[in-house]
Amino acid sequence: MTYDITIVGAGVVGTAIARALSRYDLNVALLDAANDVGQGTSKANTAILHTGFDAKPGTLESRLVRRGYQLLADYAARTGIPLERTGAVLVAWTEEELANLPALQDKAVANGYENCQRLTAEEVYAAVPDLGPGALGGLSVPDESIICPWTPSIAYATEAVDNGATLLLEHEVRAVDVHPGGTTTLHTTQGPVTTRWLINAAGLGADVLDRALGHDRFTVTPRRGELLVFDKLARPLVNKIVLPVPSKLGKGVLVSPTVYGNVMLGPTAEDLDDKTATGTSEGGFEFLRTKGEKLMPVLFEEEVTTAYAGLRAAIDHGDYLIDTDPDQRYLLVGGIRSTGLTSSMAIAEHVESLLQDAGLTMTAKVEVADPPLMPNIGEHAPRPYERGDLIAQDPAFGEIVCFCERVTAGEIRDALTATVPAVDRAGVSKRTRATNGRCQGFYCGANVDACITKHLQGAPR
Amino acid sequence: MTTITTDVAIIGGGPAGLTAAATLAARTSVRVLVLEREHEAGGIPRHSDHLGYGVRDKHTFTTGPRYARRLVDEATDAGAQLLTKTMVTSWGEQNGLNITSPRGRDRVEAKAVILATGARERPRPARMIPGGRPAGVLTTGELQNKVHLYHQEVGTRAVVIGAELVSWSAVMTLKEAGCRTELLVTQHARPESYAAFNLGGRAMFRTSVATRSRVTQVLGCTRVTGVEIEDLTTGRRRVVECDTVVFTGDWIPDHELARTAGITLDRGTRGPLVDSIGRTNRPGIFAAGNLVHPVDTADIAALGGAHVARAVEKHLNGATFPSGGAVPILARAPFKWVTPGLYEPGLPAPARGRLETWVTDHVRAPRVTVRQGGRTIARRSLPWPASPGRVFRIPWDLLKDVDPSGGPVELTL
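Protein chains in written order, with full-length UniProt numbering: chain A, 1 to 461; chain B, 1 to 413.
Keep in mind the hints are simulated off the structure, nothing from the lab. Nothing here was measured: the structure is a model prediction, and the numbers come from that model. There could be a bad hint or two in this list.
Stated by the list, open to error - Restricting the straight-line Cα-Cα distance to at most 30 Å, the calculated cross-link-like pairs of lysine-lysine (DSS-like) are:
1. K291(A) <-> K85(B)
2. K240(A) <-> K291(A)
3. K240(A) <-> K56(A)
4. K111(B) <-> K85(B)
5. K56(A) <-> K291(A)
6. K294(A) <-> K365(A)
7. K107(A) <-> K291(A)
8. K454(A) <-> K85(B)
9. K56(A) <-> K294(A)
10. K336(B) <-> K454(A)
11. K365(A) <-> K291(A)
12. K336(B) <-> K294(A)
Said to hold, decoys possible - Interface residues of chain A toward chain B, partial, derived using beta-carbon atoms under 10 Å:
13. G191
14. T194
15. R196
16. K232
17. G283
18. P395
19. E399
20. R406
21. T419
22. V423
23. D424
24. A450
To be verified - Listed next, with one range per pair, are the computed distances between beta-carbon atoms:
25. P382(A) <-> R237(B): 44 to 50 Å
26. R180(B) <-> P180(A): 56 to 62 Å
27. S247(A) <-> R223(B): 56 to 62 Å
28. H39(B) <-> T120(A): 53 to 59 Å
29. D389(A) <-> R237(B): 54 to 60 Å
30. A392(A) <-> V363(B): 57 to 63 Å
Using N, Cα and C, we set each Cβ at its ideal position, and we do this for glycine too.
Whole structure, please, built from the sequences with the hints as guidance.
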């Protein structure tokens, strides 16, 4: 079997590309080393759907973020990906930051975003009453939104599979051979995969794969971001995304509500060498505590529900690095940093046009699957445990297994039997939020594990 | 949606809730409904499969599961109705409760509500311990659930964080699961649990205890490979290899419903602020058990449930209790918390006639001082030591000279 196109990397970008290409008469394969989609950079981010107001004007990133915002917002509405338009407030804490606000507003306009408004200190506190003292003013970004970072990859992959794409998980690419005859062989941990076209969406590993194809154009530096997630009972404190004024070091530490009803603080930004260093650190916690206690002192009277670290793929290049090599039938999608969640569908659209430009014959399928309806794990709409209609049809939706997150036996069963199923506890957590709550499994961990074991024993793999 | 009406709704079918239900149902004709979110009622003792239960309330010495079954039987035999797999998810109007169960989404209306939602251990993230996020990191609650209810495997070598009673309970469970405990780690200069138990525990399990130490990092990517421990005296750090880490103690009440009801919480316990008969500041809502003393043993929680049940009975009979002139009882270091947190003149003493407190430091010969308005109103030496990791009890009569208009009462050692 030779695939027409193989995408390496089933993160939010790779799955979005697979989804887009699965709508054509092409044999598409999507490969990942992990046992689930969205397990790398996509798993751990700040979960914001960016308007792109602060991108660098004129860049590909600026264009794709802006376009991606619309595409993903529309897709979320169709599929049930949790999304809430909370708006953001950018807060200036120093005179220098205050002086920067007009330039930021101009930049937003240059990025095609015209809804920012300057705010006085009083207006900032009216918007976020529990903010710590000392804010001098701010800028509103009314369309900045919060989104579930996990459901998009799962939705994209589901739609791709529904349209006939092949999902090859636990396939780690070890070597690549580009053959003169028009095919490429990827040597994976589960044997060779042969393809006509190769798309590199390998995130943190994109530079390594790029070099394996004989290029030397960029280096990915894993930039670690640590985040603290506070208890749901803290949610009334934070109704908007509270952004710092960006500096050269990045976007800085923000406080944000989450679509699951928590409050998040972070991220840190620390360049590392190790692409597997997804642990949290003493220094990171200390930094977040210091920053957080200034931003919102009352937050630290609340319980911390969880802490995590993600690695974003920072590259030595000012923009997304998306480039085709028609001779090798190879397309690189590299350097997609934290905005990749927002821009994912626009990147896929861009990739489609690049492939067409490169001469690939792309015929739209006569019939394509509807976008999948994803289970709701957000607090923006009724969850299954709140729906008498659903429980009446299926009592498993009334059997709450995870008390903190109110996840039902029906949802866990569905996660294990979905088109792109969960295969372990992490997968179930991502799809249902079970064990992600304040007790972290004290009450439900063993029960959730039992559901998984029961399913895996019952179902031949 | 069905509306279930009852006289008393008890949220939580653990020792406190079940005993409150049995007490009310046995003594009165009031309708009592216990709402339990687990498959089975009984609370934590269900999965604490070792001896030590029922001493003070049942005057017996039995295992957790047997004790749990007895409490369930007594409540149902007395006529209380028990709904399992039923979770109260929010409040409706006038103390109404919205519930979810496999039967659907229903509503409960009651004249009085007893919150008996218990307490749990803070998991690792709440303690802000950095490192990887590998599998094999548990609380005692999850460990016991795994081993005793689901018969799942745990690792082979464990480190237990904490050295209090529950920590030894974790060690016993690990042993039963075939997992050796390499080390217990405690910040205190000595293990918190009873001396006899420590000696017995160390001898029985051949486990050592690292005192004046803390865990600074969890190591491992997919599965735990070890923990980094810091000696608080020398600052030296070392790695202890293990595949399982159990975080024990560090209790927090399950106060979600109390908070969402707008009930005032006690800053020390983080449970509802109650007076000596278990009243919260919301009329008709009472609280009992480990929700108000995180945590004491199951038998004490049960006796607390019985105590509050008697107050609820009087409340339903229209008895008017004194209200409004409560004096706050404040815990000063080395006390971490005290409960009840309110002294209401004219009310009966709390359960067993004692204040319950928790200390942060070991005090071998404690001398309790009660002050009000800068004046010492009582002082007494108590013949039992105060030790972190277990409740320290203080006779309620130390408060007999409290001046109802004299402002907050302070408790020190």
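Checked hints:
For the suggested pair K291(A) and K85(B), the alpha carbons sit about 42 Å apart, so the restraint of at most 30 Å is broken. A hinted pair counts as satisfied when its Cα atoms are at most 30 Å apart, and K240(A) with K291(A) qualifies at roughly 18 Å. Of the pairs offered as hints, the one joining K240(A) and K56(A) holds, with about 24 Å between alpha carbons and a cut-off of 30 Å not exceeded. Using a Cα cut-off of 30 Å, the hinted pair K111(B) and K85(B) holds, with the two alpha carbons roughly 23 Å apart.
Under the criterion of a C-alpha separation no larger than 30 Å, the hint pairing K56(A) with K291(A) is consistent with the structure, at around 26 Å. Proximity of K294(A) to K365(A) is assessed by CA-CA distance (about 55 Å); at most 30 Å being required, the pair is judged violated. For the hint pairing K107(A) with K291(A), the CA-to-CA distance comes to about 26 Å; that is within 30 Å, so the pair holds. Restraint check for K454(A) and K85(B): the C-alpha separation of about 20 Å stays at or below 30 Å, so the hint holds.
A C-alpha spacing of about 29 Å is found between K56(A) and K294(A), which places the hinted pair at or below 30 Å, so the restraint holds. Only pairs whose Cα atoms come within 30 Å are accepted, and K336(B) paired with K454(A) is rejected, the gap being roughly 44 Å. At roughly 52 Å between alpha-carbon atoms, K365(A) and K291(A) are farther apart than 30 Å, so this suggested pair is violated. At most 30 Å may separate the alpha-carbon atoms for a hinted pair to count; K336(B) and K294(A) meet this at roughly 26 Å.
Evaluation of the G191(A) hint against chain B yields a violated restraint, the C-beta minimum of about 23 Å exceeding 10 Å. Taking 10 Å as the C-beta contact cut-off toward chain B, the hint placing T194(A) at the interface is violated, the least distance being around 30 Å. For R196(A), the suggested interface contact is broken, since its CB lies about 35 Å from the closest CB of chain B, more than 10 Å. Hint status for K232(A): holds, given a least beta-carbon distance of 8 Å to chain B, under 10 Å.
Checking G283(A) against chain B: minimum C-beta separation of about 9 Å stays under 10 Å; hint holds. With its C-beta approaching chain B no nearer than about 4 Å, P395(A) sits inside the 10 Å limit, and its interface hint holds. With a least beta-carbon distance of about 5 Å to chain B, the hint placing E399(A) at the interface is held under the 10 Å criterion. Proximity of R406(A) to chain B holds as hinted, the smallest CB-CB distance being about 7 Å (cut-off 10 Å).
The closest approach between the C-beta of T419(A) and any C-beta of chain B is roughly 25 Å, which is over the 10 Å cut-off, so the hint fails. A distance limit of 10 Å between C-beta atoms decides the matter here; for V423(A) the minimum to chain B is near 14 Å, and the interface restraint is violated. A least Cβ separation of about 9 Å between D424(A) and chain B falls short of the 10 Å threshold, and the interface hint therefore holds. At its closest, the beta carbon of A450(A) sits 5 Å from a beta carbon of chain B; the interface hint therefore holds under the 10 Å criterion.
Distance hint for P382(A) and R237(B): a CB-CB separation of about 49 Å, consistent with the stated range 44 to 50 Å. Hint check: R180(B) to P180(A), Cβ distance near 59 Å, so the stated range 56 to 62 Å holds. In this structure the hint that S247(A) and R223(B) lie 56 to 62 Å apart at CB is violated, the actual value being about 39 Å. For H39(B) and T120(A), the hinted distance range of 53 to 59 Å is satisfied, since their beta carbons lie about 55 Å from each other.
Here the CB-CB span from D389(A) to R237(B) is close to 56 Å, well matched to the stated 54 to 60 Å. For the hinted restraint 57 to 63 Å between A392(A) and V363(B), the CB-CB distance of approximately 58 Å keeps it satisfied.
Violated hints, listed in ascending order, are 1, 6, 10, 11, 13, 14, 15, 21, 22, 27; each of the other numbered hints is respected by the structure.
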